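One line per chain: the protein sequences are P and R, in this order. For the first sequence, our numbering assigns the number 1 to the initial residue and increments by one for each residue that follows. For the second sequence, our numbering assigns the number 80 to the initial residue and increments by one for each residue that follows.
Heads up, some of the hints might be wrong.
Restraint ranges, calculated between C-beta atoms of paired labels, are given here [as the list claims (entries may be wrong)]:
hint, chain 1, residue 1, chain 2, residue 2, range
1, R, 190, P, 8, 37 to 45 Å
2, P, 40, R, 312, 23 to 31 Å
3, P, 31, R, 91, 31 to 39 Å
4, P, 40, R, 249, 47 to 55 Å
Quick look at which bits of chain P chain R covers, simulated, 3 or more residues with Cβ under 8 Å [what the hints assert, rightly or not]:
hint, stretch
5, 25–37
6, 66–79
Quick caveat, the hints were computed from the structure, so don't treat them as lab data. Fair warning: this is a prediction, and the values are worked out from it, not measured in the lab. Yeah, the Cβ is synthetic: ideal placement off N, Cα and C, and Gly gets one too.
Each chain, letter by letter, is given below.
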Amino acid sequence: MDEPQVYARLAEIFQDVFDEDSIQVTPELSAKDVDGWDSLTHIRLILTIERVFKIKFSTSEIGKLANVGDLVALIKVRS
Amino acid sequence: MNPLYTELQWLLRTPQEFSARLKALANSPGPLGRDVQALALPALDLNQLTKLAKALDKVREDGKSLNPLTPFRLAVLSNSTIDMILPALVASAARHGIALEVIQPFYDQVAQEALTPDSKVNSSKPDAVLLALDYRALPLKLSLGNAGASSAIVQGVIGYLQALRNGIKTNSNAVCIFQTFAPPAEALFGSLDRALPGTLRSLIDGINRELAEFVLGSGDVLLDVSALAETIGLADWHNTQLWNMGKFAFSVELIPLYADHVGRILAGIRGKSRKVLVLDLDNTVWGGVIGDDGLEGIQIAQGDARGEAHLAVQRLALDLRQRGIVLAVSSKNTDEVARAPFEKHPEMLLKLDHIAVFQANWNDKATNIQAIAEELSVGLDSIVFLDDNPVERELVRRLLPQVAVPELPEEPAYYARTLAAAGYFEAISFANEDLKRADFYGDNARRVKLQRQVGGVDAYLASLDMTITFQPFDATGRARIVQLINKSNQYNLTTRRYTDPEVAAAENDPEVFTLQVRLADIFGDNGMISVVICRPAEAGAWEIDTWLMSCRVLGRKVEHIVLREVLEHARAAGVYQLIGTYRPTDRNKLVVDHYAKLGFSKVAAEESGLTRWELHVQGAEPESAPIKVISQGFATDKEASRA
């Protein structure tokens, strides 16, 4: 899966998890930009990504993610 | 993990338009109970459950009614993170007819909330309090090999739980829902853990046993989380990474399953568990089709893998009956043919005595299920309908949405397990009266008269998006043609059997008109479902030598479309009259009026019951139906496609 495809899938996931169709998923996007992106929703987001991409993240990886760019980099390593 | 449980496979998959329908709630004035329940019915994942709960909050904020859902206030006390679980509970409760409001106190304040009279939980006057505790909430000190100390620990825990209960009872008089405790997957010694007093496993075993006994006597309610976790597998139930990261007591993937189980319990408390099981017969209660395969041909024997799968369905039905569930039958069959296995087949576990209402006829099943509900004086929301045929399931769902209709897997070996996993008959208590309930309805397999047909059948047929394909006999289709000719008993006008060479001869004889018919619909390709052979009779007439059809596609006006096709070719061949014959056998009573229904005139009736019929080709205009027609491979014919 190339990077644009990853972003497209992520856009669907973000819209689903945050129940908000207008979210634009960019590399710079982070928790402070999105209403309702708290620690619990973060876990729901990560678990949904794990399910859709059929990958698993380690606890420390999840802790280190600063923005969507980090997330995409990690997905590319894992899948 | 086993997807039957993790993906709630007895439920339909979530439809594409889920989000759009969710948004439509905001613009609808209500009451919205039915719409919300319909949205909750499929196997929603955690994100979808969360969205539905959010939409429900909005409906409440807007002051709209959730009738006819039953209101319920539930407080949840827990030592773990339940923030993701609560929305799932609200959405899953709607699936079970409950408009749920949840009350969540601060994290890990179990004792304070239960014991303080004006705590958030007690002052909110809940209908029930769910004690969603897991083993990490308990003071479980290993006391290896020490029976006395172990017993004291178990008693201490039970005493703690009883104190919580007494606090809640005194302060708010709510029903308490206790959870059993899922033991961790990790062993200390290994197998010895179960036997040796004072290991974590034997302590938890002891607590679960004592808790269950205590709940049975106290009138409280038990949610057997331990059994649920064992069904899934403890290693999958407990996700240690998630516990460490966010104190999730069990795997987040399993929240939809857990929430559905809570929903069943709440429905049980409100007296909403189902009471009647309506069974299809062919390929559900036994393998095969009784009308075609006969008493000797159906698969129901011990020692036969397919037969045992269906016996398991019968055994489950009988066990359910023993605990008070009423059994009924709805089958597309001639009544006496459908009753024969119950009366004569030695391997059948179910007997007519076990069946309260026995509806075997050729009407649509929605009409029959409604008649069963009226006869038993129960609501449609008390009924579960088990049928292997997706078309019948969808029809009943569409026309009688209150009836619970489990999806079934391809493999019959999993039918009984799927029905059990769906938990339609979840009960929170068991009384002696339950033992007698099934008898109360007088199990005499009575047949009830049908009232008028449930509306909307035609619209449903149109929604099936059927395509019918007509071809003359050819070498590719011959094996299946021969099979149908030699196997079909019920929808068979003349029951003439032909060998492969005889069919090949008809195929190659330009004087003989042959038709093989295939039908596809939204559920897939039904394959070849009808065969017709017309032979030249007197000048300008065709004698319908053979006309048969698979009973699976009955009630879809396929026979009308077949006649239209025959007429088309008859006209092209300059034939002015069709001659039909009904030759009675002990199996084909179904088609005694076949020609009358299609507009033929009766010209002769013999003592044997044989009747002869004629139809003038000119001016014959059989009923049409919403089926797309493809006609191909005919010598005289262009590749034609007509809508």
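Cross-check of the supplied hints:
no., hint, result
1, R/190 - P/8: 37 to 45 Å, "violated (49 Å)"
2, P/40 - R/312: 23 to 31 Å, "holds (26 Å)"
3, P/31 - R/91: 31 to 39 Å, "holds (35 Å)"
4, P/40 - R/249: 47 to 55 Å, "violated (33 Å)"
5, 25–37, "violated (count 0)"
6, 66–79, "violated (count 0)"
Comparing the model with each earlier hint shows violations of hints 1, 4, 5 and 6; every other hint is respected.
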